[in-house]
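Please model the complete structure; the sequences and the hints are all you need to start from.
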Amino acid sequence: MSDDARWAGSMPEIYDRCLGPTLFAPFAEHLAGIAAALAPTDVLELAAGTGIATAALAKAMPQAHLVATDLNPAMVEYGGARVGNARWQVADAQQLPQDDASFDLVMCQFGAMFFPDKPAAYAEAARVLRPGGTLLLGLWDAVAASEFAQAVVDGLVSVLPGTDANFVTRIPHGYHDDEQISADLQAGGLVDVQIDRVVLSGTAESAAKLAEGFCLGSPLRYELEAHGDPHALTQKIGAVMTTRLGSGPVQGRMGALTVQARRPL
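In terms of the UniProt record's numbering, the sequence shown opens at residue 1 and continues consecutively.
Hint data in this document are derived by calculation from the structure and do not stem from the laboratory. The structure presented is a predicted model; accordingly, all values stated were derived computationally and were not measured. Each hint should be verified, as a subset may be incorrect.
[Claimed, not checked] Okay, the calculated beta carbon distance ranges per label pair: (1) T163 <-> P264: 42 to 48 Å; (2) R253 <-> G84: 32 to 38 Å; (3) D100 <-> N166: 37 to 43 Å; (4) A144 <-> T41: 38 to 44 Å; (5) H231 <-> L38: 41 to 47 Å.
Virtual Cβ for every residue (Gly too), placed ideally from N, Cα, C.
Have a look at this one:
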């Protein structure tokens with residue numbers, strides 16, 4: 001597992017506490033609503049992380065059988081303790097342990113960007129889907145479409161001029177081209193690709209808390225460690241973000257893509 005996809009130690013807790021309510025909970029509710037409208041019986045979640053979307057799925061579809069997976073054991077441990085009404089397991093989206101044609105819906109919120117071989121992961125989703133079943137993805141749009149992500153990128157540039165700490169733009173906000181996404185899904189054997197853009201609003205306790213989440217609760221932390229003390233750098237980046245976003249509670253727009261594709265009948 002590369003550092004770009006590795007959460008370890010305290011990172012899941014920081015990620016969940018500092019970014020979860022602001023960035024991920026609003027889209028979890030949105031995607032859970034789309035998922036519930038499909039009325040699936042068996043649901044597989046990929047890259048479930050700390051269980052934010054898992055909890056929303058379980059609430060929206062209490063009768064569904066829900067399996068939540070993540071590549072990171074630390075995330076599975078954290079998410080499993082948080083959402084008990086799902087079966088949790090460590091799994092690589094590119095080599096799923098599930099049987100063929102065993103789910104009506106495969107869902108992934110903000111995880112597909114981390115898949116090294118996206119067509120392979122989509123082919124695995126197609127394999128475990130029943131004929132006519134749906135793959136539902138949430139993907140971040142470009143950095144410029146999300147004020148919080150743009151603020152942390154600006155903070156990085158200010159604190160580390162000419163920085164190679166580009167995780168935010170390279171991975172979570174680096175997979176938003178409609179043609180590429182559609183081509184990858186089709187290469188994985190899926191059809192009827194539908195891509196919609198949505199902008200929701202997020203509210204955070206402070207810009208400093210967002211900085212903590214991005215810098216210490218995501219793989220950006222590993223890039224910062226190459227430049228010095230990540231905690232000290234986080235404080236400096238947080239100060240730049242506070243100047244940009246304001247002091248006290250902050251609100252910002254967040255752009256994402258919702259993507260649906262289907263296994264052929």
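> Looking back at the hints listed earlier, which ones does the structure fail to meet?
Replying inline: Result: no hint breaks.
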